[in-house]
Structure formats: structure tokens, C-alpha cells
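For the sequence shown, the UniProt record's numbering begins at 1 and goes up steadily by one.
The hints are simulated quantities; they were obtained by calculation from the structure and are not laboratory data.
Glycine included, each C-beta is placed from N, C-alpha and C at the ideal position.
Do not take every clue at face value.
Claimed, not checked - Pairwise CB distance ranges, derived in the manner of DEER restraints:
| hint | residue 1 | residue 2 | range |
| --- | --- | --- | --- |
| 1 | Glu-358 | Val-282 | 26 to 34 Å |
| 2 | His-82 | Glu-311 | 21 to 29 Å |
| 3 | Gln-89 | Gly-178 | 29 to 37 Å |
Stated by the list, open to error - Subject to a maximum C-alpha distance of 25 Å in a straight line, what follows is the list of computed SDA-like cross-link-like pairs (lysine to any residue):
| hint | residue 1 | residue 2 |
| --- | --- | --- |
| 4 | Lys-175 | Gln-64 |
| 5 | Lys-124 | Gly-289 |
| 6 | Lys-278 | Lys-186 |
| 7 | Lys-124 | Pro-60 |
| 8 | Lys-234 | Ile-263 |
| 9 | Lys-186 | Gln-52 |
| 10 | Lys-124 | Ser-108 |
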Amino acid sequence: EVRVLDTREMQRLRSIKQLGTAHLVFPGCVHTRFDHSLGALHMAHRILESLQLNGYAIAPEEAQLVRLATLVHDVTHIPYGHTFEDERQIFPRHDAGPRLEHFLGIQSELGRVLAASGYLDGVKAILTGRPPAPWMGQIVSSTIDADLLDYLRRDSFFAGLRMNYDDRVLSYFIKEDGQLLINMVKHGLDRPDARTEVIHLLRMRYVLTERLYLHHAKIAAGAMISKAVELHTKHTGLREEALYGLGDQTFLDLLARLPGPGIIQQLIEGVIERRLYKRAYVLSGDTLGPERDAFIARYGGQSAAREELEEQIARKARLKPGQVIVYCPKASFFKEVHVPVRSRHGVGPLLELDQSGEVAAMARQYEGL
Numbered sequence: 001e002v003r004v005l006d007t008r009e010m011q012r013l014r015s016i017k018q019l020g021t022a023h024l025v026f027p028g029c030v031h032t033r034f035d036h037s038l039g040a041l042h043m044a045h046r047i048l049e050s051l052q053l054n055g056y057a058i059a060p061e062e063a064q065l066v067r068l069a070t071l072v073h074d075v076t077h078i079p080y081g082h083t084f085e086d087e088r089q090i091f092p093r094h095d096a097g098p099r100l101e102h103f104l105g106i107q108s109e110l111g112r113v114l115a116a117s118g119y120l121d122g123v124k125a126i127l128t129g130r131p132p133a134p135w136m137g138q139i140v141s142s143t144i145d146a147d148l149l150d151y152l153r154r155d156s157f158f159a160g161l162r163m164n165y166d167d168r169v170l171s172y173f174i175k176e177d178g179q180l181l182i183n184m185v186k187h188g189l190d191r192p193d194a195r196t197e198v199i200h201l202l203r204m205r206y207v208l209t210e211r212l213y214l215h216h217a218k219i220a221a222g223a224m225i226s227k228a229v230e231l232h233t234k235h236t237g238l239r240e241e242a243l244y245g246l247g248d249q250t251f252l253d254l255l256a257r258l259p260g261p262g263i264i265q266q267l268i269e270g271v272i273e274r275r276l277y278k279r280a281y282v283l284s285g286d287t288l289g290p291e292r293d294a295f296i297a298r299y300g301g302q303s304a305a306r307e308e309l310e311e312q313i314a315r316k317a318r319l320k321p322g323q324v325i326v327y328c329p330k331a332s333f334f335k336e337v338h339v340p341v342r343s344r345h346g347v348g349p350l351l352e353l354d355q356s357g358e359v360a361a362m363a364r365q366y367e368g369l
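Please take these sequences and the hints and turn them into a complete structure.
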């Protein structure tokens, strides 16, 4: 694991902030993907330890594979990647094949270290959704997993939000038919304490999304960076591969240095100097009602209709191209409510087995964000 950490691919994560532009709103949010990778490894270790304490046999090779996959799960991230991969969809997602091969292929230092240890193929299998056993992949990336258990605490702490969860939740993990579950039953009776702690995790996730991940100033800064990247791909032929070796600052420097329309430099300088675009008009999911999905399909992602709308608004407002940005994120999906649990009613997603309606109400609120 130390040899993995010392590779140039993993060390690059020290220069990529976990929350992108959030530090422009919450100054403490300068923690990095490297920090998070170490924390996620620790949480994977805690989950594995808990499973063993609960009586489940885990071979040392299985535990090591899960630990390594967790440690490198973010290695393919590029600076501000979520902004223009998930929201504006300029480049494919960070876990898509070609980029994974660049960072984990045998030509990379990380790939060679993992190959020498005998774990390269297993790590790739887990990161591409083909784990040797489902529970192994579910510890790394699923609903309530090592990733979530680290970033809930880490992001809350550095944002100054006074939230935490009880480590007791780790003791609820079990394995059944090869799947990782949260056990919410004991001696045939439901465990209110387990249900309460899981719902507390969901509330933490909701609050972080509402206050931090979707903060309007963070979104504005991310949208400005995305617009600059989009303009560069058109005018200078900027390719995804040019970003693979960069950190946050070297990425912004590259965007400002490349030739192109002057608006690109204005956008990047605006982010660096915190002169951010302001909201002029907001449409919520509630406002759009049943037309929401059609609206997102038309104006979300890499949409010609969105670009045309931006240009049209700019002309009517007598602004320059690039001075108007239409930000249309994908619909929120609260995947954590689908965490598989065992209750006295059987095994299934929490959303389906929870009879109080509390989880369903939280899911509706989240998806309205």
C-alpha cells in the first residue's frame, strides 16, 4: 500500500481538491482526493474488521484486494472533473475505460506496482463493476460504502458543519448470499437503533448536498470553469488527455495560457479572483413540474439547445458570448436510500422495506434539490 501511495498517479491527487470550488464558499474545504483516499481505505478496513467480528471469514487476499481498490478508487479524477463530466458532460466520466487504462494500465507506475503485487486485474475488475464477489465491490462503491463513510465526516468537518455519525453503524454490516447488507434485525425483531443510525447517515448526505455540494456560488464557479473548458474544446481542440497529469492550479493555468477567445481568460480570472457569475433566473424542479425530465433532456449535458439558448439570452441582454451560462444539472438521485438491508420483513432496499414513510419522504426532498 505504501508503494501504491508513492506512485506519481496517487501523489497527483494531493493537488486535486475533494470538493472542487467549494473552498470559495467554505474556506476550510481545501482537503484533497489524496486525503480522502486514505480515509476511504481506513473505512474499508473498519468494514472488513466488523464483518470478521460478526463471524464472516474473509481471506487475507480478499481483504487486501478490497483495501487496494478502495485506496485507488479516485485515481482517475481530473481537476474539477465532476463539473464537466457529470454536469456539462464535456468529457466521459472519470471511471470510463480509456482513462482507467491510462492510470492503471501496465504503462503507468501505479499499474506496474499493482501488477507486481498480483492485484492489478482484481483492482480493475472491482473499479469497473466486475468484482470477484459482489460484497467486495460494494465495500468500495455502492450505497453506504467506505467512500461515503469517509466523505460524510471529512466534508462536514472541513466545511464547518457540525455533523457526525456513530461508529456503531459499522457493526451492522453483514454478508448474505455474497451481498453486503446492513442488518436491522436481532432475534427476529427490528432494531430501531440500526434504523435510526442509517437514517441519520441519509440526513447527513441530504444536508451536505443542500448546503455544500449545491451551494449557488460553488455551482457558479464550477459552471464558469466548465464553460471555459467547453470553449477551449471548440477553439483550441483541448482534449481530455491533456488534463491527466494536472492538478487544480496547473489546470487553471493551462486554461488561462492557451490561445482562444478572451472570454476564456475572463472566466478563469473570475474564478481565481472570486468574481463569480450571479444567478439571474432560477427554475426549480417544483416549478417545472411534470416537464422537468423533458427540460433536463433538452438543456442538460452536452446540449446544442443549451448553447443556443445561452447565445440567444446573451444577444438579447447585449452581452458577449460566454457571459451567460445555462446550468442544468442532471436530476438528483438519492442512491443511498436503496442500501440493501435485512429487516424482519426480509432483504431488500431500505426504501422498499421502511414502512414509516420517512425514507420515501427524504428521497422526494432530495430529488427535488
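Hint check:
1. Glu-358 <-> Val-282: 26 to 34 Å: Distance hint for Glu-358, Val-282 holds at roughly 28 Å.
2. His-82 <-> Glu-311: 21 to 29 Å: 25 Å, holds
3. Gln-89 <-> Gly-178: 29 to 37 Å: Roughly 34 Å apart at Cβ, these two residues keep to the hinted range, so it holds.
4. Lys-175 <-> Gln-64: 18 Å, holds
5. Lys-124 <-> Gly-289: Given that 25 Å is the threshold and the Cα spacing comes to 41 Å, the pair is violated.
6. Lys-278 <-> Lys-186: 52 Å, violated
7. Lys-124 <-> Pro-60: 19 Å, holds
8. Lys-234 <-> Ile-263: 13 Å, holds
9. Lys-186 <-> Gln-52: Within the cut-off at roughly 18 Å; holds.
10. Lys-124 <-> Ser-108: 14 Å, holds
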